[in-house]
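Asker: From first to last, the protein sequence lines are chains A and B. Residue numbering for the first sequence is 6 to 343, as defined by our numbering. Residue numbering for the second sequence is 6 to 343, as defined by our numbering.
It cannot be assumed that every hint is accurate.
Under the rule of at most 27 Å between Cα atoms (straight-line distance), these lysine-lysine pairs were calculated in the DSSO-like manner [claimed, not checked]:
no.: 1; chain 1: B; residue 1: LYS173; chain 2: B; residue 2: LYS116
no.: 2; chain 1: B; residue 1: LYS43; chain 2: B; residue 2: LYS64
no.: 3; chain 1: B; residue 1: LYS173; chain 2: A; residue 2: LYS173
no.: 4; chain 1: A; residue 1: LYS43; chain 2: A; residue 2: LYS173
no.: 5; chain 1: B; residue 1: LYS254; chain 2: B; residue 2: LYS328
no.: 6; chain 1: B; residue 1: LYS64; chain 2: A; residue 2: LYS116
Part of the chain B face toward chain A, derived, beta carbon under 10 Å [to be verified]:
no.: 7; residue: LEU66
no.: 8; residue: ILE120
no.: 9; residue: LEU121
no.: 10; residue: PHE133
no.: 11; residue: ALA162
no.: 12; residue: ALA320
no.: 13; residue: GLN329
Derived coverage of chain B by chain A (criterion: at least 3 residues anywhere in the stretch with Cβ under 8 Å from a Cβ of chain A; other residues may be distant) [claimed, not checked]:
no.: 14; region: 82-92
no.: 15; region: 143-154
no.: 16; region: 291-304
These are computed hints drawn from the structure, not numbers from a lab. The model shown is predicted, which means the values in this text are computed figures rather than measured ones. Ideal Cβ positions, reconstructed from N, Cα and C, are used throughout, including at glycine.
There are 2 protein chains.
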Amino acid sequence: MGVVVPIGEARDPSQSIKPLLDLVATDMAGINRLILDKAISDVELIPQLAHHLIDSGGKRLRPMLTIAAAKLVGYDGDSHIRVAAAVEFMHTATLLHDDVVDESDERRGKKAARILWGNQASVLVGDFLLGQAFRMLVDVGSLAVLRILSNAAAVIAEGEVMQLAAAKNLATTEDEYLAIIDAKTAALFSGAAESGGAIAARPIEELTGLKSYGRNLGIAFQLIDDALDYAGDTKNLGKEIGDDFREGKVTLPVILAYRRGNASERTFWTRVISEGDIQEGDLEHAIALMHQHDAIETTIARARSYGTIARDALAIFNDCSEKQAMQDVIAFCIDRAH
Amino acid sequence: MGVVVPIGEARDPSQSIKPLLDLVATDMAGINRLILDKAISDVELIPQLAHHLIDSGGKRLRPMLTIAAAKLVGYDGDSHIRVAAAVEFMHTATLLHDDVVDESDERRGKKAARILWGNQASVLVGDFLLGQAFRMLVDVGSLAVLRILSNAAAVIAEGEVMQLAAAKNLATTEDEYLAIIDAKTAALFSGAAESGGAIAARPIEELTGLKSYGRNLGIAFQLIDDALDYAGDTKNLGKEIGDDFREGKVTLPVILAYRRGNASERTFWTRVISEGDIQEGDLEHAIALMHQHDAIETTIARARSYGTIARDALAIFNDCSEKQAMQDVIAFCIDRAH
Numbered sequence: 006m007g008v009v010v011p012i013g014e015a016r017d018p019s020q021s022i023k024p025l026l027d028l029v030a031t032d033m034a035g036i037n038r039l040i041l042d043k044a045i046s047d048v049e050l051i052p053q054l055a056h057h058l059i060d061s062g063g064k065r066l067r068p069m070l071t072i073a074a075a076k077l078v079g080y081d082g083d084s085h086i087r088v089a090a091a092v093e094f095m096h097t098a099t100l101l102h103d104d105v106v107d108e109s110d111e112r113r114g115k116k117a118a119r120i121l122w123g124n125q126a127s128v129l130v131g132d133f134l135l136g137q138a139f140r141m142l143v144d145v146g147s148l149a150v151l152r153i154l155s156n157a158a159a160v161i162a163e164g165e166v167m168q169l170a171a172a173k174n175l176a177t178t179e180d181e182y183l184a185i186i187d188a189k190t191a192a193l194f195s196g197a198a199e200s201g202g203a204i205a206a207r208p209i210e211e212l213t214g215l216k217s218y219g220r221n222l223g224i225a226f227q228l229i230d231d232a233l234d235y236a237g238d239t240k241n242l243g244k245e246i247g248d249d250f251r252e253g254k255v256t257l258p259v260i261l262a263y264r265r266g267n268a269s270e271r272t273f274w275t276r277v278i279s280e281g282d283i284q285e286g287d288l289e290h291a292i293a294l295m296h297q298h299d300a301i302e303t304t305i306a307r308a309r310s311y312g313t314i315a316r317d318a319l320a321i322f323n324d325c326s327e328k329q330a331m332q333d334v335i336a337f338c339i340d341r342a343h
Numbered sequence: 006m007g008v009v010v011p012i013g014e015a016r017d018p019s020q021s022i023k024p025l026l027d028l029v030a031t032d033m034a035g036i037n038r039l040i041l042d043k044a045i046s047d048v049e050l051i052p053q054l055a056h057h058l059i060d061s062g063g064k065r066l067r068p069m070l071t072i073a074a075a076k077l078v079g080y081d082g083d084s085h086i087r088v089a090a091a092v093e094f095m096h097t098a099t100l101l102h103d104d105v106v107d108e109s110d111e112r113r114g115k116k117a118a119r120i121l122w123g124n125q126a127s128v129l130v131g132d133f134l135l136g137q138a139f140r141m142l143v144d145v146g147s148l149a150v151l152r153i154l155s156n157a158a159a160v161i162a163e164g165e166v167m168q169l170a171a172a173k174n175l176a177t178t179e180d181e182y183l184a185i186i187d188a189k190t191a192a193l194f195s196g197a198a199e200s201g202g203a204i205a206a207r208p209i210e211e212l213t214g215l216k217s218y219g220r221n222l223g224i225a226f227q228l229i230d231d232a233l234d235y236a237g238d239t240k241n242l243g244k245e246i247g248d249d250f251r252e253g254k255v256t257l258p259v260i261l262a263y264r265r266g267n268a269s270e271r272t273f274w275t276r277v278i279s280e281g282d283i284q285e286g287d288l289e290h291a292i293a294l295m296h297q298h299d300a301i302e303t304t305i306a307r308a309r310s311y312g313t314i315a316r317d318a319l320a321i322f323n324d325c326s327e328k329q330a331m332q333d334v335i336a337f338c339i340d341r342a343h
């Protein structure tokens, strides 16, 4: 049932993330140790639930950005490891709460923690991981990094609330949708990258460059995620095609197909998205309408455009293998899931 | 239906909190302004939901402790206002998540936010308020205070998870129960008081004194809360008698009545608490068994004992009106709800 759309050129995305993986390999081992260490608690349920998610094979893209940014600016201390682990904990906490809010049954191809341990434990362990993240950041002792990431924590929550308020609402504009993903997804990408520079106390123009890189990469990443929900391949994606559709999420492909559709198509979108009345064949029809109106293609084109902004944001840095790896990962985010 | 048990001497508790209220009155006005200011967001749902709780007439006991502690140690800056507001935001975030976890219908005599706006919004607005709390603390810029309160955030969540794991489990010991309330309730009382000293960069023995005061006051406060759930007066309490009973919470009155009861009584407790099979008259029977075994009286005696520890923790400070107000509020916490 998965309709696989070739996204961009037929590049192998595993090749475009390889330079970043190589660059951060040693540090990531340290981060993984720290993550295991800080997910420990005398309260048994906490490590059980935390490990379910931590071990589930996420890409750890966000902490990688922190490490890469620290290396790009020539940071020679070891605090970036703790900052990166805190970033991953913030992300994990968000996933736990997201699954409760979205009532998701799966996450990364495994049963969602809330299905195994309940919504209550997911809420509370998320809170614990967020608390641990701030504890680690306090240990690092950089107020600049604490400012960036406490700001991200509040903005992410704001974005999630915006998304909740926009749920099932087909009147959502592309601008409103962009504001949502800027907050709920791009804020942590942005904070992750900027923190890597802030820990080295780099000048403001470098921090701004890293922040812009992370932000635009995050927007591109989320746009592709939204496209893949209608055009991806379930096996590679680790989530079911049509999850967003079933949850009535108003993402860009839906917004475009709705706005570009005729009256009878809009009646269809209202029934399935706003009223949640989904019948056999509706997902396939939705995907067909999206292709008819170039909704997926436009979404990917937008992602490419944000990817270009991310690339240009790094222009102020001298050419080096770190910069190259950070640019290559933009292609990975856009071409992934082939 | 409320069985009102006289707790301690028939003192008027409003008299024992009056010195503290007078002491902090000016600063609390500043805190209230700051709370209103920081609960603002372009995302409409956030101030709506935050105000529902913020305006609902909580006592703001925790931020008062921060202010009182700062005054006790002679702090002459104005950062204690922001720290106190952050403490109240942390508390509000916890209440929002608690109501979701406990599936509560009411909070402070009003419909719970989750009933009005849903569990999803309650989880996310709680996350937002926690993020705002850390932002405010970063603005203050004291790593000592950030350490105390990020630690409290993680410990509170741990305590909540412990409580969840102990739910309906009558094998919970008094020690285990104390460890739970030490974490879920006393950690924020403790952090609130210690922060008031830390913002003034006071010596370690004063910080330890404030920490111990807050911790033991918090334990006493929670023990009385648990006693009131079986012996309070619904009107004054702002919650229904028997809420804990209906949720199968294993609090100290239950632990004691169960342990002191005979085989047939234990069968009763197992049915109502562990199996959640509650019938007409069961709450009254539970209360009668508690009185028969002095379970409420013992719980209150324990609270008094922690109150004494809290009082003694302040011994290192010179006698002054601030110290007197902080000691008087111990009596308020123990004698309240008459």
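Asker: Which hints from the list above does the structure break, by number from lowest to highest?
Answerer: 3, 4, 5, 6, 7, 8, 9, 12, 13, 14 and 16
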